[in-house]
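Participant: So you can see what is in the structure, the chains are spelled out below.
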Amino acid sequence: MAAFEIKVDPGVYDSAMLDSIKKVEATRPSRIGAELRRMSAEEKEDVLRRFHPDYREDGFAVLRVGPNKGEKVPSELCDLLEGRSRVLGVKVDVAHPDYDTDVLIIGGGGAGASAAIEASEGGARTMIVTKLRIGDANTMMAEGGIQAADKPNDSPLIHYLDALGGGHFYNKPELLKKLVMEAPEAIQWLNKLGVMFDKDADGTMVTTHGGGTSRKRMHACADYSGAEIMRVLRDEVINRGIQIVDFTAAIELVLDDRGQCAGAVLRNMETGELRVARAKAVIIATGGAGRLHYQGFPTSNHYGATADGLILGYRAGAKLLYADTIQYHPTGVAYPEQMLGALVTEKVRSCGAQLVNVDGIAFMNPLETRDVTAASIIRECKERGKGVPTPLGSAIWLDTPMIEELGGKGTIEKRIPGMLRMYSKFGIDMRLTPILIYPTLHYQNGGLDVTDKSMTNIPGLFVAGEAAGGVHGRNRLMGNSLLDVIVFGRNAGKFASAYVPDVRLGVPTLAHVEKFQAELSAAGVKSKVESPLLLPSYTHGNPKFADTIKWGHAEL
Amino acid sequence: MDKMVNIYIAGKQYTVPDSLTIMNAMEYAGYRHIRGCGCRAGFCGACATIYRIKGDSELRFCLACQTKVQDNMYIASLPFFPTQKQTYDIEKVKPDQTVMMELYPEIYSCIGCNACTKACPQGLPVMQYIAYAQRGEYEKCAEASFDCIACGMCSARCPAGITHPMVSLLARRLYGKYIAPESEHVDNRVDEVLRGDYDALIKELSEKPLDELKEMYNHREIEK
Chain D
1 MAAFEIKVDP GVYDSAMLDS IKKVEATRPS RIGAELRRMS AEEKEDVLRR FHPDYREDGF
61 AVLRVGPNKG EKVPSELCDL LEGRSRVLGV KVDVAHPDYD TDVLIIGGGG AGASAAIEAS
121 EGGARTMIVT KLRIGDANTM MAEGGIQAAD KPNDSPLIHY LDALGGGHFY NKPELLKKLV
181 MEAPEAIQWL NKLGVMFDKD ADGTMVTTHG GGTSRKRMHA CADYSGAEIM RVLRDEVINR
241 GIQIVDFTAA IELVLDDRGQ CAGAVLRNME TGELRVARAK AVIIATGGAG RLHYQGFPTS
301 NHYGATADGL ILGYRAGAKL LYADTIQYHP TGVAYPEQML GALVTEKVRS CGAQLVNVDG
361 IAFMNPLETR DVTAASIIRE CKERGKGVPT PLGSAIWLDT PMIEELGGKG TIEKRIPGML
421 RMYSKFGIDM RLTPILIYPT LHYQNGGLDV TDKSMTNIPG LFVAGEAAGG VHGRNRLMGN
481 SLLDVIVFGR NAGKFASAYV PDVRLGVPTL AHVEKFQAEL SAAGVKSKVE SPLLLPSYTH
541 GNPKFADTIK WGHAEL
Chain X
1 MDKMVNIYIA GKQYTVPDSL TIMNAMEYAG YRHIRGCGCR AGFCGACATI YRIKGDSELR
61 FCLACQTKVQ DNMYIASLPF FPTQKQTYDI EKVKPDQTVM MELYPEIYSC IGCNACTKAC
121 PQGLPVMQYI AYAQRGEYEK CAEASFDCIA CGMCSARCPA GITHPMVSLL ARRLYGKYIA
181 PESEHVDNRV DEVLRGDYDA LIKELSEKPL DELKEMYNHR EIEK
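In order, the protein sequence lines correspond to chains D and X. The opening position of the first sequence corresponds to residue 1 in this note's numbering, with each subsequent residue numbered one higher. The opening position of the second sequence corresponds to residue 1 in this note's numbering, with each subsequent residue numbered one higher.
Heads up, none of these hints are tricks.
The calculated EDC-like cross-link candidates involving lysine to aspartate or glutamate, where the alpha carbons are at most 20 Å apart (straight line), are:
| hint | chain 1 | residue 1 | chain 2 | residue 2 |
| --- | --- | --- | --- | --- |
| 1 | D | LYS151 | X | GLU223 |
| 2 | X | LYS3 | D | GLU337 |
| 3 | X | LYS68 | X | ASP18 |
| 4 | X | LYS214 | D | GLU174 |
| 5 | D | LYS192 | X | ASP96 |
| 6 | D | LYS199 | X | ASP187 |
| 7 | D | LYS151 | D | ASP202 |
| 8 | X | LYS177 | D | GLU236 |
| 9 | D | LYS409 | D | ASP200 |
| 10 | D | LYS414 | X | ASP147 |
| 11 | X | LYS85 | X | GLU102 |
| 12 | X | LYS68 | D | ASP9 |
| 13 | D | LYS44 | X | GLU212 |
| 14 | D | LYS199 | X | GLU143 |
| 15 | X | LYS85 | D | GLU236 |
| 16 | D | LYS192 | D | GLU121 |
| 17 | D | LYS23 | D | GLU405 |
| 18 | D | LYS216 | D | ASP198 |
| 19 | D | LYS22 | D | GLU405 |
| 20 | D | LYS192 | X | ASP187 |
| 21 | X | LYS68 | D | ASP14 |
| 22 | X | LYS68 | X | ASP56 |
| 23 | D | LYS409 | D | ASP198 |
| 24 | X | LYS68 | D | ASP429 |
| 25 | X | LYS203 | D | ASP452 |
| 26 | D | LYS192 | X | ASP191 |
| 27 | X | LYS177 | D | ASP200 |
| 28 | X | LYS3 | D | ASP9 |
| 29 | X | LYS140 | D | ASP198 |
| 30 | D | LYS192 | X | GLU139 |
| 31 | D | LYS151 | X | GLU184 |
| 32 | D | LYS178 | X | ASP199 |
| 33 | X | LYS177 | X | GLU137 |
| 34 | X | LYS94 | X | GLU182 |
| 35 | D | LYS44 | X | GLU215 |
| 36 | D | LYS382 | D | ASP359 |
| 37 | D | LYS72 | D | GLU519 |
| 38 | D | LYS192 | X | GLU182 |
| 39 | D | LYS199 | X | GLU184 |
| 40 | D | LYS178 | X | ASP197 |
Calculated directly from the structure, the hints in this document are not laboratory data. None of these values were measured; they are calculated from a predicted model.
Model the full structure from these sequences, guided by the hints.
Facilitator: Structure representation (C-alpha cells):
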C-alpha cells in the first residue's frame, strides 16, 4: 500500500516551537538506544505527592450524606452525588412497567455488551438501555491495547504483581486475581468472536510493554484496539437479538420493599418521555466521569462519561470505593487546540517515543506508571519551567519520529494509524515532527464497590467496568481497563443471569430517593444541580451563553 | 482574539471563531448535541457531516469533531443513516464466498462509481474493499477496511444500496475468527489456568504480607 500522504501545514508550529524542535532533533541521535533510568520508590512518592492532581486539596469536597459520608470525592462529583433527583415531583408509576426483563443493563459500552452476551448465554431475558448509541463509550476510544499474561515468559502471577504495584497495593485481591486469571480466556473469547488482533505469521500475538508492565503483554489491534473490540461486541449483541433501547438514559434505580434492586426509571433523551423497566437484576455499566472535567482538566473521554451510574447507585445505598482517585493520562493532546485533551495512546511510548522538554532533554523514562508520568510532566512544566509554550499553557514533546528510526520507516502507519490520521487532519505529520502533549483526565480508578461476583451491597445490583472500583487500586495500568470491561462485563452477566431464577420481587418503590432527599435536607445540603448529569454542556467561550447555560440544565 | 467566520448550520447562518471544529462551532452557536456526537476524537463515526463551501460545486464529507470550520461553509449533519445489518451466527457461517452472496447480495450490484471512496472521511479504499468482499478475499477486505468507523457516509452515497460498513465488519470477523493464524500460546495458557496450575500460587501470592509484596514489586525483573 502507498504510504499515507499528509498535507503538512507549514504554519502549524510557531517559531518558538520550531526552535525547540531543532533542539529535539539535535539530541535525538544520542537518545536513541540510550537507557533512561527508572525512578526509585521514594522519587515516585515525592513527585506524586507534590504534583499529582489527586493530592490537590482544593479539588475535593467531603460528602455530607450517603454510604460514604465523611469521605472526600472530586468536588464536581460531590455536587452530583448531592444533587436533586430527576424524578422528584414527577409522576412515575413504577408498579406498571413499560419493559419487563430479567437482566437490565445500563450502558452499551464494552462492559455492558459483554455482560449482555453472557447474560443471554445464561438464559436470562436481557435488555440494554443506553443514553446514546450502543458502542458510544470509552471502550470505543481505547487505542493502546489489552493486557493478558499468555506468553511463555509471563504468568498471571507476574501480571498480578505489576497491577498491584501500579495500583499502590490498594487493589482488592479477589478482584485482581479474577482479572489476571481470566485474562487469557478473555483474549481467546474475543478472538473466537472474530476480533482481529495483531499477530505474527505463525499466530503469535504481537505484544508490547505498557507503563508499569514487567512483561510485554499488551495485545493490540493497531491503535484501534477498543474500537475493533467494541464493534465486534456490538455486532454480536445485535446478532443475538438482545433488546437494545438506545437514546434512553436510566435516571433512577427502582428498589422493591425488601431492598432488592428491581429495575430503573428511564428517560428518552430526545423526547423526555419517562418509562419504567422492571428487572430482577440490574447491571450498571455506565463507565467513567471524564466529562465532569475535574479541576478544569480537558478529557480524553467520551461525550457521555458523566458518572451517571455512580449517582444512581449511591442514591440507592451502594457504597463507593476509591472515588477520590482519578487517572490523568500523561499524554493528552496539548496542541493544536482543536484536539485539546484527546488521547495520544500510550502505545506511542511503547513503540519508542520519548518525553522531551523544551531544551530537547528526555527528562524521564517514558514507561513509568501513568500517575508518576503525568505528575512528572506537570513538574517539568510547572516547577522546572521546561515546558514548550502553547496558546493554552505549556506542554512537553512526545518525540514520535524516534519510532520510525527505531522500528523502521512505516512503523507509525502500521502500528498507530489512528494517531497518524488524527494529527494529519490538522496538518501535522508525526513521522517527521514531534507532537505536544500534556496530561488529560482519563479514567476513574474507583467506583461502586463490588464483590468478585460483581454485586454491590444491594441485592440484585451489579456493576461492571469503569463504574466499579477496586480492581485497579488507586492507579490503573494501561491495557487493564479493556481487560476489565471484558472480564468483569462477562462476570457480571454470568452472575446476574445465575442470580435471577431465585429472585422474587416485592413491591417496587422509589422510596429510597425520597429518603435520600430527606437526608440531604436534614444535613442542610442545598443541591446545586439535577443529577445524574446525562450530558455535559459546552459553549466554547461564547459570551452570549456565559450566564445562561451551565451543566446544560436549569440551575437550581 | 480569534478571527470570526460565517457558517451555515442546516442553512441558518451563525458567526463563530475560525479555530473551532464544526462540532464545537455548533455548540458555540448554542446547539446541544444528543445525536451526532460521540467520542469527539474521530473513532466512533457519530458525527458524519456533509458540507459545501459557497460557490464551490464539490460536496465534501468529514467528521464534525475532526474538521475546522471555514468561511461560508454549509453544513449538514448525518447522525443516522438506515443501513442494512444482517444477522448471522458467527459459529455457523463459513469464510467462503457464499456467505456474502447470501447476506449481502447487493454488493454484486456495485456499478463502480467510486462515490463511496470519495465520501470516506478515513480515506479508505471503500469500493476496492467491496470488490475484495465480492470475491471472498476476506483478508484483503479486512485489512483495507480496518480503520472503518461505520459513519455510513459511503452507504448514503451508494446508488446500489450497499451497506459497506456492515459488509466489511462481517469480513473482518470472518478473518479474525477463521482465517488469521491461531494463537497457540493463548490456548495453552487458558488450558493451564483452567487446569488449576496457578490456583495455589496466586492464592499464596495474594496472601503475602504487604512489605514482602512491595519488596517483590520494587525488585522485579523487567523484560527489555
